[in-house]
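Visitor: Residue strings, one per chain:
2 protein chains.
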Amino acid sequence: MKRDVYLNNQPLEEALENFMRFLSEEGALTAGTPETIPVEEALDRITAGPIYARISSPHYNASAMDGVAVLAAKTTGASETSPRQLKVDQDFVVVDTGDPIPPDFDAVIMIEDVNYPDNETIEIMAEASPWQHVRLMGEDIVAAEMILPGNHKIKPADIGGVLAGGITEIAVHARPKVALMPTGTELVQPGSELKPGDIIEYNTGVLAAMVRQWGGIPIRREITVDDYDLLKKTMLSAVEEADILLINAGSSAGREDFTSSLISELGVMVTHGVAIKPGKPTILGVIKGKPVIGVPGYPVSAILCMDLFLKPIIYRKQGLLPPPVAKTEAIVSRKLVSPLGLEEFVQVKLGRVGEKIIATPISRGAGVIMSMVRADGMLRVPRTSEGFNAAETVQVELHRPLDEVLETTVVIGSHDIAMDVRGD
Amino acid sequence: MKRDVYLNNQPLEEALENFMRFLSEEGALTAGTPETIPVEEALDRITAGPIYARISSPHYNASAMDGVAVLAAKTTGASETSPRQLKVDQDFVVVDTGDPIPPDFDAVIMIEDVNYPDNETIEIMAEASPWQHVRLMGEDIVAAEMILPGNHKIKPADIGGVLAGGITEIAVHARPKVALMPTGTELVQPGSELKPGDIIEYNTGVLAAMVRQWGGIPIRREITVDDYDLLKKTMLSAVEEADILLINAGSSAGREDFTSSLISELGVMVTHGVAIKPGKPTILGVIKGKPVIGVPGYPVSAILCMDLFLKPIIYRKQGLLPPPVAKTEAIVSRKLVSPLGLEEFVQVKLGRVGEKIIATPISRGAGVIMSMVRADGMLRVPRTSEGFNAAETVQVELHRPLDEVLETTVVIGSHDIAMDVRGD
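Residue numbers (the numbering used here), protein chains in the order written: chain A, 1 to 424; chain B, 1 to 424.
Bound-form chain A, shown alone (with noise of 0.2 Å):
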């Protein structure tokens, strides 16, 4: 019955910190060898390099209009009192817009402007300036000239701008992948037959949405139960797959808990045990070059490690940093007690009351999963607070635009706050 009760309490920043300078100096957030696919797959994939035009676009003068292309030389002088007369081919060809503008010509009278006194006459009443209505060559894009910077999210006007330059195929970053081991002989499949003690392991379904939103791949592995030497053969076999092993349960202290012991076996454990509430039994480490995630069962704890940890390796990995968080200020609607020593994160609703913007404390319990589906967003409070008096401004990260929850408040908030009173 003898247990290793205990685990660190680094805290939050001094762990990433030390984490990620520990993978930098290993090598394990550089990007994989780029892929090359085609332009028109590319939406929200990253450059692996910047990407330059091969051709200018457009490439050729191109008439802006439809209308007649002309020399505007010849039509000098011309106005309402002393129309000008020009003949089809020799002094002027019709052009719709996009057509090339013939050699000898130089500029384009828009169709509403032309009279047509016979099939082969055309009558104008204003001169032309050179090079009027007519997209020049390179307008748009000119050859050789940088269409997107590397390390660039591609959006749809981008892979416009990048078709436009005359290229189809582009080097983007591949997509890390990581394999996701859930592990606990007490897990079962969603939608097994279900006794008590049965944990339906539900967590690989929310940490490989998260995997996907980020732009990495999530391997599925099946549930491994406790067993040291089955734990170990999945761990080394997800390494080898995967470009990050994340390993979820089996990451606390408890007796069937061999995570930490493995990670050490078959790699380096850099902290285990960080001062964060919940979340704290979380371990980082590396195996084989492989950044190495051991992430708390509850699912609260889970997804707020992953969110930590896991965020910015993956988006290291595709050559960025994780965009910044949204935040807005909002005032607490009741007194919120923390512990010293631990940053705590606590799920909130927001409403709108007047002018202010009220954050309500949801369920802090790090098993009630609803948490999260009912929050709007999230504050922290530090580890030297022992947190917040009732009306206290404070800063809230969101979870979707502000814009959006308070459209929503009326009808969501009203059923939170019914649910929350058992919830907590």
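It is possible that part of the hints are untrue.
The list cannot tell twin chains apart, which means a pair is met if one copy fits it or any two copies do.
[To be verified] When the alpha-carbon atoms are kept at most 30 Å apart in a straight line, the in silico DSBU-like pairs for lysine-lysine are as follows:
| no. | residue 1 | residue 2 |
| --- | --- | --- |
| 1 | Lys356 | Lys288 |
| 2 | Lys153 | Lys356 |
| 3 | Lys335 | Lys74 |
| 4 | Lys335 | Lys87 |
| 5 | Lys195 | Lys87 |
| 6 | Lys74 | Lys195 |
| 7 | Lys277 | Lys153 |
| 8 | Lys288 | Lys233 |
Since the hints were derived computationally from the structure, they do not count as laboratory data.
Predicted model only: the values in this text are computed from it and were never measured.
Knowing the structure of chain A, use the given hints to seat chain B on it.
Guide: Then chain B, alone, in the frame of chain A:
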């Protein structure tokens, strides 16, 4: 050479309202038959109705800690001065986090608070209160509780909530299928050898990515040349196959612009010509109860048109409204002249100068796709306005979050200023 030279000039809000009302009356905005899919594949899909829990979570009373389960009544009076000894099985059983609390027990004492005088005995120094460190059945989710409302976009944590409630498959709105029909004899596929007059057909790549971002499924049709019968045949088959038809180019009044005649022949043309710049020749119609949009050929016009007219349809067909567009106040860097009678959309770069955010208009050519590649946001010049003066305060609709924009302003900004001189 006779031409139907001009179009309507309907104000945007009127065109949009008319079109949406018409579509609504035709039943063209309702969602299709819902799909049933595995929860784990439901990220970013929209629930077709509320989702209720089938079971409670936890579905039994569970230990919230590693420790020992006891009957609280048997611990009454235990203290540091009078420790209480308890016998295994009879008075306590060892439990790990998540284990069921056996019958006849009602509390858990944390392992850290227990001494082991021998293998069959523990000693405690404090009373346990009933249900301490126990996660009661239904603490997270109560059977029959609503986990998610209908018309809700599924985020990672939601997947956990639904699975925890014993649900493995859910009904979601079908993703609207959008047929994208590029038309024009001058168009060539990206990657083709080019001769003057050939236009690389890159719009479909952009439009397909936009459709995907909004939750739709793009169906790419091949380029159709400007031939009335061919266009008619393709439009009819596209309308059979898809929920929405988008015809790109052929929407102005040029000599080969058959789109409007064909929409009138095959269905109803609701609007031809909207008082916007760019995007004036937009066509809005319905064929066989399906929305049909004729989008101008210039890329900037096409993108704007998609955003104004297609986006609300795709969202509504999934039971949603488009999310609110994030905005920021900014100061226009230079005088901006805009025609009366047209609502103009001007792409801008943003930068911070001291406390202020400065919006610099970039190229306004409807053919300049790079203006969309470079833009951070867009401002609207109302129909009744002739533009803005330098240093006037304006509302900018953001293409990406302001924090992200300002983070990268220095690098991309300077690149852009150099390029803009040429491009505008």
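Visitor: Each hint: holds or not?
Guide: Hint check:
In the homo-oligomer, the alpha carbons of Lys356 and Lys288 never lie at most 30 Å apart, since the shortest distance is 51 Å inside one protomer and 49 Å across protomers. In this homomeric assembly, Lys153 and Lys356 come within 30 Å of each other (Cα to Cα) only across copies, at 27 Å, whereas the closest approach inside a single copy is 35 Å. When the C-alpha separation of Lys335 and Lys74 is checked against a cutoff of 30 Å, the pair qualifies neither within a copy, at 83 Å, nor between copies, at 35 Å. Taking the closest pair of Cα atoms, Lys335 and Lys87 never come within 30 Å of each other, the shortest separation being 86 Å inside a single copy and 41 Å across copies.
In this assembly of identical chains, Lys195 and Lys87 lie within 30 Å of each other by CA distance solely across copies; the values are 27 Å between and 92 Å within a copy. Taking the closest pair of Cα atoms, Lys74 and Lys195 come within 30 Å of each other only across two copies (28 Å); inside a single copy the shortest separation is 92 Å, beyond that limit. For the identical chains of this complex, Lys277 and Lys153 are inter-copy neighbours only, at 28 Å across copies versus 33 Å inside a copy, given an alpha-carbon limit of 30 Å. For the identical chains of this complex, Lys288 and Lys233 are intra-copy neighbours only, at 14 Å inside a copy versus 59 Å across copies, given an alpha-carbon limit of 30 Å.
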